[in-house]
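Asks: Single-letter residue listing:
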Amino acid sequence: IAGITQAPTSQILAAGRRMTLRCTQDMRHNAMYWYRQDLGLGLRLIHYSNTAGTTGKGEVPDGYSVSRANTDDFPLTLASAVPSQTSVYFCASSDSSRGGDEQFFGPGTRLTVL
Amino acid sequence: RKEVEQDPGPFNVPEGATVAFNCTYSNSASQSFFWYRQDCRKEPKLLMSVYSSGNEDGRFTAQLNRASQYISLLIRDSKLSDSATYLCVVNREDSSYKLIFGSGTRLLVRP
Numbered sequence: 058i059a060g061i062t063q064a065p066t067s068q069i070l071a072a073g074r075r076m077t078l079r080c081t082q083d084m085r086h087n088a089m090y091w092y093r094q095d096l097g098l099g100l101r102l103i104h105y106s107n108t109a110g111t112t113g114k115g116e117v118p119d120g121y122s123v124s125r126a127n128t129d130d131f132p133l134t135l136a137s138a139v140p141s142q143t144s145v146y147f148c149a150s151s152d153s154s155r156g157g158d159e160q161f162f163g164p165g166t167r168l169t170v171l
Numbered sequence: 002r003k004e005v006e007q008d009p010g011p012f013n014v015p016e017g018a019t020v021a022f023n024c025t026y027s028n029s030a031s032q033s034f035f036w037y038r039q040d041c042r043k044e045p046k047l048l049m050s051v052y053s054s055g056n057e058d059g060r061f062t063a064q065l066n067r068a069s070q071y072i073s074l075l076i077r078d079s080k081l082s083d084s085a086t087y088l089c090v091v092n093r094e095d096s097s098y099k100l101i102f103g104s105g106t107r108l109l110v111r112p
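Protein chains in written order, with my numbering: chain A, 58 to 171; chain B, 2 to 112.
What the hints contain is simulated information worked out from the structure, not anything from laboratory work.
C-beta: ideal position from N, C-alpha, C; glycine also.
Some hints here could point you the wrong way.
To be verified - Distance condition first, Cα-Cα at most 27 Å in a straight line; then the derived BS3-like pairs of lysine-lysine: (1) K99(B) to K43(B); (2) K3(B) to K80(B); (3) K80(B) to K43(B); (4) K46(B) to K114(A); (5) K46(B) to K3(B); (6) K114(A) to K99(B); (7) K43(B) to K114(A); (8) K46(B) to K80(B); (9) K3(B) to K43(B); (10) K3(B) to K114(A); (11) K46(B) to K99(B).
Unchecked claim - Listed below are several chain B residues computed to face chain A (Cβ distance under 8 Å; list not exhaustive): (12) G10; (13) A30; (14) S33; (15) E44; (16) L47; (17) S50; (18) Y98; (19) F102; (20) G103; (21) S104.
Unchecked claim - What follows is a list of derived Cβ distance ranges for each label pair: (22) R167(A) to T19(B): 18 to 26 Å; (23) P112(B) to P118(A): 40 to 48 Å; (24) S27(B) to K114(A): 15 to 23 Å; (25) L47(B) to E116(A): 16 to 24 Å.
Produce the complete structure using the sequences and hints provided.
Replies: Right under this line is the structure:
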C-alpha cells in the first residue's frame with residue numbers, strides 16, 4: 058500500500074441498505090477525513106478524526122457515522138442509504154490537524170443510491 | 002453567499018498562453034490558503050500553498066490579497082497537461098477540519 062486506499066471503487070446501492078466505505082492509509086498520519094463531492098458544490102466535510110480514538114462532525118454529518126479504532130483505518134458507514142447520498146466520497150489524511158498541513162486524498166468511491 | 006467562490010469556467014486557452022484564476026473568500030479571519038488540482042474523475046492533489054507575500058513554483062504563481070479577500074493563481078506557458086480543475090481552498094481557522102473548498106475552475110488547454 059502506498060498512500061491512501063479506498064474500497065470499493067464504485068457501488069450501486071438500494072435505498073435503505075447499510076453500506077460501509079473503507080479507507081486505509083499507510084503514512085501513519087494522525088488526522089483523517091471523509092468528504093463528499095457533488096457537482097457545483099465542491100468538497101464538503103462529513104466527519105473527521107484528529108487522532109485514533111477520536112472523531113468529530115463536519116459540515117454534513119447526518120446519515121453517516123465513522124470510527125477510528127486505529128491510526129490506519131477510518132471507515133464511513135451509511136446506516137440506511139438514501140438517494141441524496143449519491144455522490145463521490147473521498148477519504149483524506151494529514152500528518153496533524155494543524156491548519157497548514159497538506160491533505161492527501163484517496164482515489165474516491167463513487168456511490169449511487171437508487 | 003458561498004464561503005469560497007470561484008468562476009467555474011471553463012477557461013479554454015491555447016498552449017503557451019498565460020491564464021489567471023481568481024477566488025474570493027468571505028471569512029476575514031481565514032488563516033491558510035491553498036490551490037489544489039483535480040484531474041477528471043481523480044482525487045484532488047495539493048498544487049501549492051498561498052503565502053501572504055505571494056509565492057512561485059515554476060510556471061505557477063499564487064497571490065493573496067487579504068484586504069480584498071481574494072486569492073489568485075497565474076499559470077504561465079500553459080501545457081496540455083495543465084488541463085484540470087483548480088480548487089481554491091481556505092482554512093477558516095488553524096485546524097485542518099476547517100478547510101472550505103471552492104467548487105473549482107476548469108481549465109482546458111488546447112494544442
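Asks: Find the hints from earlier in the document that the structure breaks and name them by number, from lowest to highest.
Replies: When the structure is compared with the hints, numbers 2, 12, 13, 22 turn out to be violated.
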